[in-house]
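Single-letter residue listing:
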Amino acid sequence: AQSVAQPEDQVNVAEGNPLTVKCTYSVSGNPYLFWYVQYPNRGLQFLLKYITGDNLVKGSYGFEAEFNKSQTSFHLKKPSALVSDSALYFCAVRDKGFKTIFGAGTRLFVKA
Amino acid sequence: DAMVIQNPRYQVTQFGKPVTLSCSQTLNHNVMYWYQQKSSQAPKLLFHYYDKDFNNEADTPDNFQSRRPNTSFCFLDIRSPGLGDAAMYLCATSRALAGGEQFFGPGTRLTVL
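Protein chains in written order, with our numbering: chain A, 1 to 112; chain B, 113 to 225.
Hints are computed from structural coordinates only; laboratory data are not their basis. Keep in mind that this is a model prediction, so the values were computed, not measured. Treat each hint with caution, since some may be false.
Partial pick of chain B residues on the chain A-facing surface, computed with a CB cut under 10 Å [unchecked claim]:
#, residue
1, Y145
2, Q149
3, S152
4, E169
5, E213
6, P218
PhoX-like, lysine-lysine: derived pairs with alpha carbons at most 20 Å apart [said to hold, decoys possible]:
#, chain 1, residue 1, chain 2, residue 2
7, A, K69, A, K58
8, A, K77, A, K58
9, A, K96, B, K156
10, B, K156, A, K99
11, A, K77, A, K22
12, A, K22, A, K49
13, A, K49, A, K96
14, B, K164, A, K96
15, A, K49, A, K99
16, A, K99, B, K164
17, A, K69, A, K22
Backbone N, C-alpha and C define an ideal beta-carbon position, used for all residues, glycine too.
With the hints as constraints, model all of the structure from the sequences given.
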């Protein structure tokens, strides 16, 4: 079965510094990988996805993610963090049919 | 703007009193989902529709039911809410594509007294 793991419950970074939120996956076949962000009392918002093609995927709000097949990772990155990036981030993988499996989430704190 | 709308945003019900949450979409997506999310945990899929084809997750309690009368609307019925059903309920949609991302509504926060 497909699965994703987010090894960090929380990531702390200073504003202006680069940030990385880690995700590893386990899939059979071609992986369809996603990142979503959730702000307090809101639904999830799609950030970016990897289906095929370039390993570096660019998404919304300056975020990007690097697909690494040999390390089975799909880490979310941003060159310069903003306080407004503070939120809960979910990595996800598409399962069979239309199901999506979400990771446990990583809370990002960006300090001014 | 095309979007996913959930009503109400906050719902309070009493233990055992049936409640219905609603979701509508203007995206014209084939697939609609209902998730339960507790305390910033990962969303837990309850069921989804592909057009009118209903797909229930094996571990979704019978207490939870759903209806999709047309493409735009989907309802979540909780027949006899228990204290453990207090959660955020998220509706989402996607195109019927293998790599299609999901579009989420703002959620309904359910409180059970």
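Pair hint outcome, A:K96 versus B:K156 [Cα-Cα no greater than 20 Å] = Since the Cα atoms of A:K96 and B:K156 sit roughly 16 Å apart, the hinted pair holds (cutoff 20 Å).
Does the nearest C-beta of chain A fall within a distance shorter than 10 Å of the C-beta of B:E213?
-> Cβ of B:E213 sits 4 Å from chain A, so the hint holds.
Straight-line Cα separation of A:K69 and A:K22 no greater than 20 Å?
-> The hint holds at about 14 Å.
Are the Cα positions of B:K164 and A:K96 separated by 20 Å at most?
-> Holds, because 18 Å separates the two Cα atoms, which is no more than 20 Å.
Evaluation of the interface hint that places B:P218 against chain A, nearest CB under 10 Å = 5 Å, holds
Hint validity - B:E169 Cβ closer than 10 Å to any chain A Cβ | 8 Å, holds
Hint consistency between A:K22 and A:K49 [alpha-carbon to alpha-carbon, up to 20 Å] = Status holds; Cα separation ~15 Å.
Within a Cα-Cα threshold of 20 Å, do B:K156 and A:K99 meet the stated pairing?
-> Since the Cα atoms of B:K156 and A:K99 sit roughly 11 Å apart, the hinted pair holds (cutoff 20 Å).
Does B:S152 pass the interface hint, meaning its C-beta sits closer than 10 Å to a C-beta of chain A?
-> Constraint on B:S152 satisfied, holds at 6 Å.
Compare the distance between the alpha carbons of A:K49 and A:K99 with 20 Å, and conclude whether the hinted pair is satisfied.
-> Holds - the C-alpha atoms of A:K99 and A:K49 are around 15 Å apart, at most 20 Å.
Agreement of A:K77 and A:K22 with the hint, judged by alpha carbon distance not exceeding 20 Å = 9 Å, holds
Restraint check for A:K77 with A:K58, where alpha carbons must lie at most 20 Å apart | 10 Å, holds
When the structure is compared with the earlier hints, no violation turns up for any of them.
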